[in-house]
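Novice: Those protein sequences? They're chains A and B, same order as listed.
For reference, each letter of the first sequence is one residue, going 1 to 302 in UniProt numbering.
For reference, each letter of the second sequence is one residue, going 1 to 328 in UniProt numbering.
If you are wondering where the hints come from, they were derived from the structure by calculation, not from laboratory data.
Beta carbons: idealized from backbone N, C-alpha and C, even for Gly.
Do not take every clue at face value.
Output of the computed footprint for chain B on chain A, the stretches with three or more beta carbons under 8 Å from beta carbons of chain B [claimed, not checked]:
{"id": "1", "segment": "124 to 132"}
{"id": "2", "segment": "263 to 277"}
Distance windows between CB atoms, simulated [stated by the list, open to error]:
{"id": "3", "chain 1": "A", "residue 1": "V17", "chain 2": "B", "residue 2": "G180", "range": "33 to 41 Å"}
{"id": "4", "chain 1": "B", "residue 1": "Y59", "chain 2": "A", "residue 2": "E275", "range": "28 to 36 Å"}
{"id": "5", "chain 1": "B", "residue 1": "E30", "chain 2": "A", "residue 2": "R156", "range": "56 to 64 Å"}
{"id": "6", "chain 1": "B", "residue 1": "N284", "chain 2": "A", "residue 2": "S72", "range": "29 to 37 Å"}
{"id": "7", "chain 1": "A", "residue 1": "S72", "chain 2": "B", "residue 2": "E30", "range": "55 to 63 Å"}
{"id": "8", "chain 1": "B", "residue 1": "G180", "chain 2": "A", "residue 2": "G242", "range": "51 to 59 Å"}
{"id": "9", "chain 1": "A", "residue 1": "L24", "chain 2": "B", "residue 2": "T99", "range": "43 to 51 Å"}
{"id": "10", "chain 1": "A", "residue 1": "G242", "chain 2": "B", "residue 2": "L262", "range": "34 to 42 Å"}
{"id": "11", "chain 1": "A", "residue 1": "S36", "chain 2": "B", "residue 2": "N176", "range": "46 to 54 Å"}
{"id": "12", "chain 1": "A", "residue 1": "Q250", "chain 2": "B", "residue 2": "V135", "range": "42 to 50 Å"}
{"id": "13", "chain 1": "A", "residue 1": "E257", "chain 2": "B", "residue 2": "L262", "range": "48 to 56 Å"}
A short, non-exhaustive set of chain A residues, derived as facing chain B with CB atoms under 7 Å [said to hold, decoys possible]:
{"id": "14", "residue": "I135"}
{"id": "15", "residue": "C136"}
{"id": "16", "residue": "T137"}
Residues per chain, in single letters:
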Amino acid sequence: MSSQIRDEGHDEDTAEVEAEIADLEARLKAAKERLSRSSPSNPPSASNNNDNNLTRPPSSPTSSQHFLLLLSDSALPLGSFAFSSGLDPGRLSRPTSSPYPFPPTPPPPSPFVLAAYRDPAAVADLDDQLDAAIICTVGRRASIAQGRALLGIWERSFVSSSSSSASSAGAAPVAAPEELFHFFCGDSNDRNRPSNPAPRLRAPRPLIRRRVRPAGLTLPQTAYVFLLSHAKAVISAAVRSGLFGTYQAQRMLASPETQALITAMVAREWDTAPEDAGRASLPWTCGSGGTSCCIRVFLTAS
Amino acid sequence: MIFPFPKSASAAGEGHIVVKLLPHDVSALESITYQYPLKLISPTVKATQRSVVVFLLSYGGGLVGGDQVNLKIDIQPFARLSIVTQGHTKIFKPAIPGTITRQQLSVNIQDGAALCLLPDPVQPFEGSLYEQTQVFHLNGSASLCLLDWVTHGRAARGENWDLLKWTGRNEIWFKNQDTGLKDRLLVRDTVLLDGTSESAHPMPLRETMHGHAIFGTLILRGPLTQSLGEFFLAEFSALPRMGAKDFRTAAEKEKGTRQCALERWRTSRIQQEAQDGVLWSAANVRSCVIIKFGAATVEAGRDWIDSMLAQEGSLRQNFGEDALLCVR
Numbered sequence: 001m002s003s004q005i006r007d008e009g010h011d012e013d014t015a016e017v018e019a020e021i022a023d024l025e026a027r028l029k030a031a032k033e034r035l036s037r038s039s040p041s042n043p044p045s046a047s048n049n050n051d052n053n054l055t056r057p058p059s060s061p062t063s064s065q066h067f068l069l070l071l072s073d074s075a076l077p078l079g080s081f082a083f084s085s086g087l088d089p090g091r092l093s094r095p096t097s098s099p100y101p102f103p104p105t106p107p108p109p110s111p112f113v114l115a116a117y118r119d120p121a122a123v124a125d126l127d128d129q130l131d132a133a134i135i136c137t138v139g140r141r142a143s144i145a146q147g148r149a150l151l152g153i154w155e156r157s158f159v160s161s162s163s164s165s166a167s168s169a170g171a172a173p174v175a176a177p178e179e180l181f182h183f184f185c186g187d188s189n190d191r192n193r194p195s196n197p198a199p200r201l202r203a204p205r206p207l208i209r210r211r212v213r214p215a216g217l218t219l220p221q222t223a224y225v226f227l228l229s230h231a232k233a234v235i236s237a238a239v240r241s242g243l244f245g246t247y248q249a250q251r252m253l254a255s256p257e258t259q260a261l262i263t264a265m266v267a268r269e270w271d272t273a274p275e276d277a278g279r280a281s282l283p284w285t286c287g288s289g290g291t292s293c294c295i296r297v298f299l300t301a302s
Numbered sequence: 001m002i003f004p005f006p007k008s009a010s011a012a013g014e015g016h017i018v019v020k021l022l023p024h025d026v027s028a029l030e031s032i033t034y035q036y037p038l039k040l041i042s043p044t045v046k047a048t049q050r051s052v053v054v055f056l057l058s059y060g061g062g063l064v065g066g067d068q069v070n071l072k073i074d075i076q077p078f079a080r081l082s083i084v085t086q087g088h089t090k091i092f093k094p095a096i097p098g099t100i101t102r103q104q105l106s107v108n109i110q111d112g113a114a115l116c117l118l119p120d121p122v123q124p125f126e127g128s129l130y131e132q133t134q135v136f137h138l139n140g141s142a143s144l145c146l147l148d149w150v151t152h153g154r155a156a157r158g159e160n161w162d163l164l165k166w167t168g169r170n171e172i173w174f175k176n177q178d179t180g181l182k183d184r185l186l187v188r189d190t191v192l193l194d195g196t197s198e199s200a201h202p203m204p205l206r207e208t209m210h211g212h213a214i215f216g217t218l219i220l221r222g223p224l225t226q227s228l229g230e231f232f233l234a235e236f237s238a239l240p241r242m243g244a245k246d247f248r249t250a251a252e253k254e255k256g257t258r259q260c261a262l263e264r265w266r267t268s269r270i271q272q273e274a275q276d277g278v279l280w281s282a283a284n285v286r287s288c289v290i291i292k293f294g295a296a297t298v299e300a301g302r303d304w305i306d307s308m309l310a311q312e313g314s315l316r317q318n319f320g321e322d323a324l325l326c327v328r
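Generate the whole structure from the sequences, applying the supplied hints.
Specialist: Here it is as structure tokens:
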């Protein structure tokens, strides 16, 4: 099953099949869980009682839904507090009446998320490329700090639940967090030496993917939750800088326009190669969405 | 009859420049070849010149739909090359819709060698479709100064970002001399201006450009541009914070301006920036310094970059006066 997943093509048909596989996989897992819970060897628990209860809702949330909900949590260190994706300087330099506060192009990392999902083995290379494409001091700072925070969360909170789902889904083993940390963050002395042209990778962004797939998320789901998080981050930055109030922010997030915009962005970025990920790099938006999103990539993975 | 000569390997728009170092530290061309619609001109070498100057031209000063320019540059150890143009590179609307005009530049810079690429801006006309890819491979101690800028079109005809699509990609690679190791990507900066209906943004391109008539990217790397990079970073951190208020009294401000020459220059430059709508930022990305700037008029953008480069002065010293022709 895992090889099926790994060999998937990049076209939409394959993605659909993959979505179906992930869905079936999640359902199989849920069914197995139910079976093991009802077996007599397990100690009785609340869920066990629940299982025999005829009033139990017919469809319990699957593991993938659970992870989807976790990933959309704004309390995770996604960079939204550290980086406004160009909104603050943009607002200060040129007050805008645009009804769409977020940047006109999708955040550059979105093709990286898609690519990392499709080929988890290329994650380190993608991370390196993404780091090379973040051209904004604040964005880079946010990327490093938030990436480390996310690594911490991953290490302390997510790793146990993910390794169990990874093994059950037959996915490739996930590297130990320490290894990943050294791999992505490198040695700080190393980075400051001018003779070293390419400091080790910074934020561990597309790691996400590793976690997403075991978590059973499909590619469209991953892309959507990634871009939705970006929209939430920018709108939250707008609320904090007093552009508009919380009710309006929620209205904006709930609006069909935002949904349509995210769907359009997913469609547009579906076939974009990471090396073509670009943006209109006006001085104040340079790196717009860059880092906070990279982190989000990582996050998405978690 | 059998044709006695080898088959021509030249293709339209192809060019190749090889620069080497002669004794007495004089850089000179080893070879220079080009094919229509690309044209390369180099003035005679003078013993005193600090770098070889090559004019990068196109017939008629512009590229029409479907033109493909493919230029390759090799700079041998310790040689220096400056590339300039003779006016904006105009990009015309293609006669057949959907035809993309392309320029590709592939540069290899050896140890101790340097390239200063300060061309005039690209001027995409209404309805133009353009792609530009510039890839630089640098050895450990190679230096690069690269300016890539684009204007809003023909202002006299009322054009203001009416192009169809403009894609510009700059990549800086670090060459691994150890065999078996892959080259390392240091910076990849992709700029996408999309005026087509495929653009995900609901607003026209013009309105997403926030009043800029020009915007550009300056990329610096290597020992010969180190002081310039440090200068930009220092000036950037000396900028007043966005949204900050100046609470000093007029007398205090007066006193502040009576400081050293650099501070006087900075004060007047910052005033000029506000007047001209110049916005800029500088960032250190993996040992490269990247400056992004935009201005409300093309001339203001040119004046700004000129004043920055002239104030610091090391480019002129390292590459000679002619290297800066296009920013003056």
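Novice: Please go over all the hints and tell whether each is borne out by the structure.
Specialist: Cross-check of the supplied hints:
1. 124 to 132: holds (count 4)
2. 263 to 277: Coverage by chain B holds for the segment 263 to 277 of chain A (6 residues, Cβ < 8 Å).
3. A:V17 with B:G180: 33 to 41 Å: holds (38 Å)
4. B:Y59 with A:E275: 28 to 36 Å: holds (31 Å)
5. B:E30 with A:R156: 56 to 64 Å: holds (60 Å)
6. B:N284 with A:S72: 29 to 37 Å: holds (34 Å)
7. A:S72 with B:E30: 55 to 63 Å: holds (59 Å)
8. B:G180 with A:G242: 51 to 59 Å: holds (56 Å)
9. A:L24 with B:T99: 43 to 51 Å: Since the Cβ atoms of L24 of chain A and T99 of chain B sit about 46 Å apart, the hinted range of 43 to 51 Å holds.
10. A:G242 with B:L262: 34 to 42 Å: Check passed, 37 Å falls within 34 to 42 Å.
11. A:S36 with B:N176: 46 to 54 Å: Since the Cβ atoms of S36 of chain A and N176 of chain B sit about 51 Å apart, the hinted range of 46 to 54 Å holds.
12. A:Q250 with B:V135: 42 to 50 Å: For Q250 of chain A and V135 of chain B the Cβ distance comes to about 45 Å; the hint holds.
13. A:E257 with B:L262: 48 to 56 Å: holds (49 Å)
14. I135: It holds, given that the least Cβ distance between I135 of chain A and chain B is near 5 Å, below 7 Å.
15. C136: Check passed: Cβ of C136 of chain A comes within 6 Å of chain B, closer than 7 Å.
16. T137: For T137 of chain A, the interface hint holds, since the closest Cβ of chain B sits about 4 Å away, which is under 7 Å.
Taken one by one, the earlier hints all hold for this structure without exception.
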